[in-house]
Amino acid sequence: MSWVNAIIQGILIGGLYALFACGLSLMFGVMKVINLAHGDLAVVAGYLAVGVIAVTHIPAVWSFILVVPIFAVAGYVLQRTLIQASLNRGVLTTLLVTFGLSVVIENALLQFSSANSHSLGIGHLVSDSFSIGPQISIAYLLVAIFVVAVVVLLGLQYFLSLSRHGRLIRAVADDREAAQLSGVDYRHIFGIAAGIAFATVALAGIAWGMVSAFAPTTGTDTLLLFAFEAVVIGGLGSLWGTLAGGIILGVAQQIGAQINSADQFLAGQLVFLLLLVIRPQGLTGQQSTT
Amino acid sequence: MTAAQPVTAPASQDHVRVSRSRHRLVPVLAGLASLGVLVVFGALPYIVFSGTTNLLVNVFILMAMATMWNLLAGYAGLVSVGQQAFIGLGAYFVLILAMHGTNPFLALPLAAVGCGVIGLPVWWIVSRLRSGYFAIATWVVASVCEALIIRFPSLGGGTGAPLPGLGSLEPTLLTAYTYWVSLAVLVVVLAAAYLILRSRVGLVLTAIRDDEIGARSVGARVWRARQFVFVVAAIGCGAAGGLLIISQLNVQPTSAFAVQWSAEMIFVTIIGGIGTIEGPILGTILFFVLQENLSSYGAWYLIVLGLVAIAVAIWARRGLWGLIADRWNIRVFPVGYYLWLEGQGRPSLRRPLRGAPSGGPPAGNLPAGNQPPGNLPAGGSGAAEAAGAADPADG
Numbered sequence: 005m006s007w008v009n010a011i012i013q014g015i016l017i018g019g020l021y022a023l024f025a026c027g028l029s030l031m032f033g034v035m036k037v038i039n040l041a042h043g044d045l046a047v048v049a050g051y052l053a054v055g056v057i058a059v060t061h062i063p064a065v066w067s068f069i070l071v072v073p074i075f076a077v078a079g080y081v082l083q084r085t086l087i088q089a090s091l092n093r094g095v096l097t098t099l100l101v102t103f104g105l106s107v108v109i110e111n112a113l114l115q116f117s118s119a120n121s122h123s124l125g126i127g128h129l130v131s132d133s134f135s136i137g138p139q140i141s142i143a144y145l146l147v148a149i150f151v152v153a154v155v156v157l158l159g160l161q162y163f164l165s166l167s168r169h170g171r172l173i174r175a176v177a178d179d180r181e182a183a184q185l186s187g188v189d190y191r192h193i194f195g196i197a198a199g200i201a202f203a204t205v206a207l208a209g210i211a212w213g214m215v216s217a218f219a220p221t222t223g224t225d226t227l228l229l230f231a232f233e234a235v236v237i238g239g240l241g242s243l244w245g246t247l248a249g250g251i252i253l254g255v256a257q258q259i260g261a262q263i264n265s266a267d268q269f270l271a272g273q274l275v276f277l278l279l280l281v282i283r284p285q286g287l288t289g290q291q292s293t294t
Numbered sequence: 048m049t050a051a052q053p054v055t056a057p058a059s060q061d062h063v064r065v066s067r068s069r070h071r072l073v074p075v076l077a078g079l080a081s082l083g084v085l086v087v088f089g090a091l092p093y094i095v096f097s098g099t100t101n102l103l104v105n106v107f108i109l110m111a112m113a114t115m116w117n118l119l120a121g122y123a124g125l126v127s128v129g130q131q132a133f134i135g136l137g138a139y140f141v142l143i144l145a146m147h148g149t150n151p152f153l154a155l156p157l158a159a160v161g162c163g164v165i166g167l168p169v170w171w172i173v174s175r176l177r178s179g180y181f182a183i184a185t186w187v188v189a190s191v192c193e194a195l196i197i198r199f200p201s202l203g204g205g206t207g208a209p210l211p212g213l214g215s216l217e218p219t220l221l222t223a224y225t226y227w228v229s230l231a232v233l234v235v236v237l238a239a240a241y242l243i244l245r246s247r248v249g250l251v252l253t254a255i256r257d258d259e260i261g262a263r264s265v266g267a268r269v270w271r272a273r274q275f276v277f278v279v280a281a282i283g284c285g286a287a288g289g290l291l292i293i294s295q296l297n298v299q300p301t302s303a304f305a306v307q308w309s310a311e312m313i314f315v316t317i318i319g320g321i322g323t324i325e326g327p328i329l330g331t332i333l334f335f336v337l338q339e340n341l342s343s344y345g346a347w348y349l350i351v352l353g354l355v356a357i358a359v360a361i362w363a364r365r366g367l368w369g370l371i372a373d374r375w376n377i378r379v380f381p382v383g384y385y386l387w388l389e390g391q392g393r394p395s396l397r398r399p400l401r402g403a404p405s406g407g408p409p410a411g412n413l414p415a416g417n418q419p420p421g422n423l424p425a426g427g428s429g430a431a432e433a434a435g436a437a438d439p440a441d442g
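Protein sequences, first through last, are from chains X and H. Positions in the first sequence are counted from 1; adding 4 to them yields our numbering. Positions in the second sequence are counted from 1; adding 47 to them yields our numbering.
Keep in mind that the hints were calculated from the coordinates and are not lab data. Treat the hints with caution; some may be incorrect.
The calculated label-pair distances, taken between Cβ atoms and stated as ranges, are [to be verified]:
#1 H:D373 <-> X:S265: 55 to 65 angstroms
#2 H:P209 <-> X:S6: 39 to 49 angstroms
#3 H:L102 <-> X:A148: 49 to 59 angstroms
#4 H:R263 <-> X:V154: 47 to 57 angstroms
#5 X:S6 <-> H:N297: 55 to 65 angstroms
#6 H:F96 <-> X:G55: 22 to 32 angstroms
#7 X:R283 <-> H:G266: 24 to 34 angstroms
#8 H:G266 <-> X:I142: 36 to 46 angstroms
#9 H:H147 <-> X:S6: 34 to 44 angstroms
The beta carbon of each residue, even a glycine, is placed where N, CA and C say it ideally should be.
Please model the entire structure based on the sequences and the hints provided.
The following block contains the structure:
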C-alpha cells in the first residue's frame, strides 16, 4: 500500500511541478525565451507573499490576490524592457541575460534576507488530510494545489484557443512577421504572454511555500530543474504534456523516496535523463520538434 | 561577417596575399613576448610572498575555466551552465587517485582525461536538446553528478574529504609546486584554445560563431565540432577542478559542484569579451580586482558582476576586449587572417586599410543579421575561414 501512496502523492505534487513548468513552456513557445531565472522568480514570489502577509495580515492562502497581479505587471514590464532588448540580439543573449538575472536575484535575496528558509504558514490546513485505507493519507492542501494547477492549465488552454489575445499570442508564436504585417504589435503580445507566465510562476511559488520551504537558493537548485524536467519529459510546447511530465517527475521522486529517502531528487533526475535518451522529443512531441 | 558572402577579391588570385599577422616580425616578437611573460610568471614564487601566488592560483583556475566556457559558448554556440559537473568530477577523480596512492600532481592530468571520457556520454545525452534546454540539461547533469558523489561515504559523503598525499611536502614547496602546476595548466589550456581555433575545427567553430546556418549550408560539420569542443571543455574544466582540490587540500561536494563556478566563468567571459581568446583573460583579471575590493560586502560582488554582465551582454556584446581591439586594432592571439592586395603593401600597423579586411575576431557571436553594422568590413576573415570550413575533407 505504501507504493500506492507514493504514486498518489507523486501525482498530486506533479500538479505543482506542472504549474511551475507551464510558465517556462509558455515563454519558450511564444518568445523562444528560456528563462533561466524562472525558479528564482518563484522564490521571489514566496518572499513577496511573506512580505504581503506581514504588512496586510491577510491569511497566507489569500496572499496570491496581491502577489499574482504584481508579478503579471512585472512580467510585462520585464519582457518589454530587458528581455525584449536581449531578444533583439539573439537567443544566446537571452540565455546570458536571464542567467545573469538569476544570479543577481539569488544573491540579492541572500544579501537582503538570509540563507535561512521560509515557508508560508497556513496553520492546520497544511496537515489536514483524509485517509483512504490504513496507509494512504491525502492532504487537502496537495489536492487543492493539484486542482488549481489543472484549472490554470485548462484556463490557459481555453485562453490561448478561444480569446482574442490568445489568438494573437498563437499568431505571433507561429509567424511573427506575418502577424506584424496584419498590424499586431508583437512586443505587446510578448509582454502579455510574459505577464501570464509570471502570474503562473507566482502562483506556483506561493503554493510551494505552503507545501515546503524556500530559501534564496531553492530557485536554481530545485525549482528551475523540476520545471525544466517537466517541460522536457512532456514535450516542448505542449501544456498537457507538461502536466504529464510533472506527474511523471513527481511519481519518480516519490517512488525514489520510498526506496531511500535520500534518493528522492536523484530518482527524478535519473528518470528525466533516461527519458531524454529513449524519447528526446518528449511524450507528446513529434520527432521534428527536437 | 556572413559566411556565405564571397570573397571580394580581384579575378587573379595571385594578387591576394594571406597572412596571420600584419608584419613578418610580429610572430617573432609575440613569441619572445609570451616567453618573457612565462619566465616572469614562472619565477614569481622566488620573488613574491605565498599570498600572491595563492591568489594567482585562483586567477589561473578561473582563467582556464573561462577559456573553456568561451570555446563552448563563444565559438560552438553551446551555452552550458553545467560545467561545474566536470569541475567537481575533476576534483573527486584527483581525490580517488590520491586515496589509492597516486601523487596528486600526477593524478591531475589523469583526472582531466577522465573528465574528457565522461564528457562523451554526457554529450550524447545533452546534445539532444538545443540552446536553453541544452543549458538546463547540463545543469541537471551537474546536479546528478553531485548527488551520485554524495552517495559514497568513502569519498566523504556530503561533507567532503581532505586530499591525502601532499602532507609530506614542506608548505613553501607545496605552494610553489601548486602555483607552477596551475600555471602549466593555464598555459596548456590557452595554447589548446589557440591551436584549436587556428586549426580546421577552429575554422568550423568560427563559422558557427558568425553564422550557424551559414556554416551548415556550406557543409561544415557543426555537430562534430561541437562534440569535440564539449569534450575539450570537459578536460579543461576537469583540470581546473583538480587544481581546485590541490590548492585547497580538501573538497566539499556542494562547493565543488556549485553553479557559482558557471556563473563566474560566464560573467568574466561576457564582460571580457565573448568569442575572443583575450576576453576571458581580461575578464578574469577584472573579476579578481573587483572581488578583492568588494569582498567585504559579501554577495555584492556577484550582484554587481551579474548586472554588469547583463548590461554588457545587451549593450556592448563584444565586451571590453572588443572595445580595445577595435580602438587599437590589436590581436594578442591572432586566429584570423589578414588579406591584402599585392602592391598596396601590408596593412599599416596603426591604421588598417578599410578596404582590406582585417583579421581577428569579427563582430559578435550571433547570427549575421543581428550584427551592428560597420564594425569590420565584410568578406574578411569570416569568408576566408568559411571557405576553409567548407572543405569536404574536413575532419
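Verification of the supplied hints:
| no. | hint | verdict |
| --- | --- | --- |
| 1 | H:D373 <-> X:S265: 55 to 65 angstroms | holds, 57 angstroms |
| 2 | H:P209 <-> X:S6: 39 to 49 angstroms | holds, 40 angstroms |
| 3 | H:L102 <-> X:A148: 49 to 59 angstroms | holds, 54 angstroms |
| 4 | H:R263 <-> X:V154: 47 to 57 angstroms | violated, 42 angstroms |
| 5 | X:S6 <-> H:N297: 55 to 65 angstroms | violated, 40 angstroms |
| 6 | H:F96 <-> X:G55: 22 to 32 angstroms | violated, 48 angstroms |
| 7 | X:R283 <-> H:G266: 24 to 34 angstroms | holds, 30 angstroms |
| 8 | H:G266 <-> X:I142: 36 to 46 angstroms | violated, 59 angstroms |
| 9 | H:H147 <-> X:S6: 34 to 44 angstroms | holds, 41 angstroms |
In terms of the numbered hints stated before, the structure departs from hints 4, 5, 6 and 8, listed from lowest to highest.
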